[in-house]
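Asker: My request is simple: use the sequences and hints to build the entire structure.
There are 4 protein chains.
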Amino acid sequence: MKPKIGILGYGVIGKRLADAVILQDDMELVGVAGRSASFSLRDANLKGYKVFITDQPKPEDASQRLCTIDGTFEDLLINCDVLLDCTPKGIPNQYLDLYNSQKDLITIVQGGEKHNFGGTSFNSFANYNDSFGKKKIRVISCSSTGSTRFVYTLDKYFGLDHAFISLVRRGSDLIKSGSGLFNCLKPVLGQSHHAIDVNTVLPDLNLFSMAVQAPTTFSHVLNIQADLKKPVTAQEVIEVFENMPRVIVGEGMHSTAELMEYYMDMGRPRRDRPEIFLWKESVVVKDKTVYASINVHMESITIPETIDCVRAVCGLEENNWKSVYKTDLALNIQKHKECYKK
Amino acid sequence: MKPKIGILGYGVIGKRLADAVILQDDMELVGVAGRSASFSLRDANLKGYKVFITDQPKPEDASQRLCTIDGTFEDLLINCDVLLDCTPKGIPNQYLDLYNSQKDLITIVQGGEKHNFGGTSFNSFANYNDSFGKKKIRVISCSSTGSTRFVYTLDKYFGLDHAFISLVRRGSDLIKSGSGLFNCLKPVLGQSHHAIDVNTVLPDLNLFSMAVQAPTTFSHVLNIQADLKKPVTAQEVIEVFENMPRVIVGEGMHSTAELMEYYMDMGRPRRDRPEIFLWKESVVVKDKTVYASINVHMESITIPETIDCVRAVCGLEENNWKSVYKTDLALNIQKHKECYKK
Amino acid sequence: MKPKIGILGYGVIGKRLADAVILQDDMELVGVAGRSASFSLRDANLKGYKVFITDQPKPEDASQRLCTIDGTFEDLLINCDVLLDCTPKGIPNQYLDLYNSQKDLITIVQGGEKHNFGGTSFNSFANYNDSFGKKKIRVISCSSTGSTRFVYTLDKYFGLDHAFISLVRRGSDLIKSGSGLFNCLKPVLGQSHHAIDVNTVLPDLNLFSMAVQAPTTFSHVLNIQADLKKPVTAQEVIEVFENMPRVIVGEGMHSTAELMEYYMDMGRPRRDRPEIFLWKESVVVKDKTVYASINVHMESITIPETIDCVRAVCGLEENNWKSVYKTDLALNIQKHKECYKK
Amino acid sequence: MKPKIGILGYGVIGKRLADAVILQDDMELVGVAGRSASFSLRDANLKGYKVFITDQPKPEDASQRLCTIDGTFEDLLINCDVLLDCTPKGIPNQYLDLYNSQKDLITIVQGGEKHNFGGTSFNSFANYNDSFGKKKIRVISCSSTGSTRFVYTLDKYFGLDHAFISLVRRGSDLIKSGSGLFNCLKPVLGQSHHAIDVNTVLPDLNLFSMAVQAPTTFSHVLNIQADLKKPVTAQEVIEVFENMPRVIVGEGMHSTAELMEYYMDMGRPRRDRPEIFLWKESVVVKDKTVYASINVHMESITIPETIDCVRAVCGLEENNWKSVYKTDLALNIQKHKECYKK
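As you go down the protein sequences, you meet chains S, A, R and P in turn. Quick note, the first sequence lines up with residues 4 to 345 if you use the working numbering. Quick note, the second sequence lines up with residues 4 to 345 if you use the working numbering. Quick note, the third sequence lines up with residues 4 to 345 if you use the working numbering. Quick note, the fourth sequence lines up with residues 4 to 345 if you use the working numbering.
Among these hints, one or two may not hold up.
You can't tell identical chains apart in this list, so a pair holds if it fits in one copy or across any two.
Said to hold, decoys possible - Lysine to any residue pairs mimicking SDA-like chemistry, simulated, CA-CA at most 20 Å apart:
1. Lys291 to Asn209
2. Lys338 to Tyr328
3. Lys106 to Gly253
4. Lys117 to His196
Hints listed in this document are in silico derivations from the structure and should not be mistaken for laboratory results. Note that the structure is a prediction, hence the values are computed from the model and not measured.
Answerer: Below, the structure is given as structure tokens:
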């Protein structure tokens, strides 16, 4: 029996997850839920997804004509084995009683929530098995997922002594047009949450992170200093990343705008890029220390990890590399098969 | 015999035209030409387009490995019946001698060029027939194409006495990351070129336009005051636009960012929107005067017009509404069939 | 006896008004009030202004050390003849009972409030006398003040038949770094409030306005089509504006960024420009129709009008041109004396 | 005899240096030179500076009326002992023959030039004495000056083993409205020039720097990991910076926009801040490693260093701390006197 998936929140993450679930052959989408009728949910209608809403519909509301409603969120919930809660930071906690009232329900939240939402955080490479049999799991945030792929790889192949991650974050999602950061830089003062977040899935690593918000809607740039346990060459570093799934090693593209254009040209849905991008030209090695710049597309990067998480918690696949391969193939982001034999 | 089409310039317009030509059944793409090897042209390789370059390749150049080159621009040109020159403003004039040397070549340029490039400007609705038998034609610019669709429609149905168009233009294309307008507004002082440009295809209309450049990469907004020859209602205005091809009348979307997100959701290639968008809520009528706001996606709006232009100059179709329908169907932007019976 | 002035709200407008009141010889600043201790109010401390707060101070709050507090807002209020309420939109209404409880108090609010706050709106040129003897007055908003100066002048000298104002508005104040409009354009759909607002001080004029918000912190640009009652020349239009107070006619500056830099160079406090700026090169006349672009610095433009308003309501000066001259002299923005003899 | 100072280039740096030279009692401003008549140079006229131009004036040019010209650049040069060349990157080299032709002329360039312009780079704290008797000196760039103040202080008080500096740079100066970075991030791939630049004045330090350009006009943010030679506390780190000239340790301001507003409020000319700003809340210490965020106002930070540089090369003051104090007092940015006794 395929697990039945419901999605709450049809924003940046929710709509991408709906499109991703549909592409998997071992899970089934029951429907998506938003707050109220909207042009976003009309798009869900057009794609054939069942549409549910959390707020009471108001018959007199002009927005009602925007889309067709199939029922309330509760109607959706009772038909789900797994709920992917993609609502903004803090909202999942408000639904806790409802989730607990449905004893066998598995709830997966995104990285806006804290680790203690269910006590289990998830990354496909770092700790896939930790989620087996759990009911409440958090997929770590976009920057943390990107950071984890990077430091996990260095640690696996060369041993990681310490990493300092300096992030430049986007100031707003594209659609939130009225509330972006504008013409200024906003540093997180002191340690940012990213290193702490990575440590929830890779607890033994020695990390520190700082972050600055910048006025762009186009993905994060991470400058990293990684002190390894042994000397390496830049070529060795580049090669291990060329052979890692969900990592692109590229050259010749000088800004995040050029990267975005490139992914639009390639015809990726919504110009998404669930892989981290490592600028080949940025890799500098001084003895045991590696410096590198990577780029993380915040809107799409946690999508494949969330699909893997469904597989892990539902017991659909025991081996994380097999799940990663299955997901990548379905999302059409796979690398050659050898990259998944670790 | 299908006309053979070559494209010079593989930037914002060129790559969209290549993808559009491929979708037509009455013309054939010979290849695309850029200045030199680039990651954009690698994308052309991947799509199976033949790739030509204008500059001498330098064997020692690292960028050479970025894509595969099939020959020089001259190699492309001798195999073309029609050249779509999509190079930046002023460049087409530098190629004039080359174009003239190939006696039967038809050259179509974009709106960066002036009307006197060949003395004929083109819009599918306004003056399709004017291009019959011409060798050098200019498709008017993005804002002018958008403005033309709007004022043409008002004039056709209600008679237009005068229109004042106040444009807010995007400050940079998305990909030109290093040279955008930033944190300021830059007015064109005095009359902008737009009204003059529209008059090259609709010479009898009485128009004035002003423009301000703003720091966004996301399409233009046009605020228009149109004085008609007779009183109308807002509902009548909305209805004629609902029945015009290449015009979307929409509501519930409050910014150009929401519009962009919507077109990404719909899966349009490169989140393009070759239709102008008329905000339904913006239409206000005072007796004979109409006020309205429309949105023009500068990157894609001239693509269908350019395809129609090929058909007009090559004598593939005598009736403009039939060409418009054929193009819209191929690009998957068609409205119901009745809209094309005028 | 000089009227005693208190200021509530020490943000963009409040702090500029405090600095302006201090420069007048016929009024006295009692103090300024903000919500709670802040680095902005520390600046008020440094300037020697008494500082009051509306919220209860929390002794344990780290922010307390940021500035010195002289009392509560109520302490300030009982010592004031005139309160300049510069709090954000909607807040002044929450204080209405408090204001009414102090029978002789005069309250002046800014353009975020509606005309019906007290039923009287104010502009120095348009309707100075209307405020004589009133207790609750609203100075119209920044864009409306700028528009009023422009259409008032045209109407006075040439007779105005109709004006269409198309505004491009800044998306955020400079300091509100976390909530600006970003990489998009946001049109007001339908008629914007500006024409309506100008009609509260110039009720007989025939006006329509549309507005688009753009991502800049640097002032508004207004494109205007004005139909006059008689034919004029561009030179005549330019001359009447060259002789109007609070209007600068300039040339050679191509963007709002260049304008801002210029005012920083001139040493204006906070690089402010309380005058509207008319781009000389933008003035085009076709028979009886004038087209022009003006620039309005939203942060400072209502400051002189508010000072004049104090004079009008307190009966300090009966003639508006004398008040305008007095204010301009004190703020060091005066033109030659002849400009004030109308 | 006071040295006679000429300034070439009246842009972002040149106009600030002119205003700073005027405030010193031991040097004299001869005049400023720009390319041609402009509204910037009219501001120089108004301030009473003599104005020279490098290009031939064209009598028919409308821009001539913008300002009054006192002569050519050559006229200025023959009357100068010291030329402050503030032209854009690469231009100073084009004037080398002219400079060499005036045997005793001292030329000081800004950080856009390379160290080998004259083989001597300058920072007031790091290597004041190295410039004694030199004819061609370079003041290091804005980010490098800011970085130098920070690492110099840590090294002086605690010994510095290694520092990694990750910069987020502004994408454009405020006035360059047509050519800013827009809605994207642009990393310098590999090591940025900053660490190398700091090593020209502090050759013994072990440094690495990476940089990302971001779309803001408002100063740079630097995230730094500094490994010291001994354990320290955050309090100790904060205290040494509180006692360093040209460093502000502040709290309660959460973005570069709030910082800018604060300096406008304080009435600093052009809202400048020649001090680096250390966010107190950002300082985190782990044993011997310090993490901190600092902010550098790129437009004004090298001004005091350039004034010190004039004093060093002209032999006006042998002790760098005395020069720093003298400059800071004149520019009204001095800290208490004890900070200058090292």
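Asker: Now tell me, hint by hint, if it's right for this structure.
Answerer: To see whether the hints hold, each was checked on the structure:
no., hint, verdict
1, Lys291 to Asn209, "both (15 Å within a copy, 15 Å between copies)"
2, Lys338 to Tyr328, "within (9 Å within a copy, 41 Å between copies)"
3, Lys106 to Gly253, "neither (47 Å within a copy, 44 Å between copies)"
4, Lys117 to His196, "within (10 Å within a copy, 39 Å between copies)"
The structure shown violates just one earlier hint, number 3.
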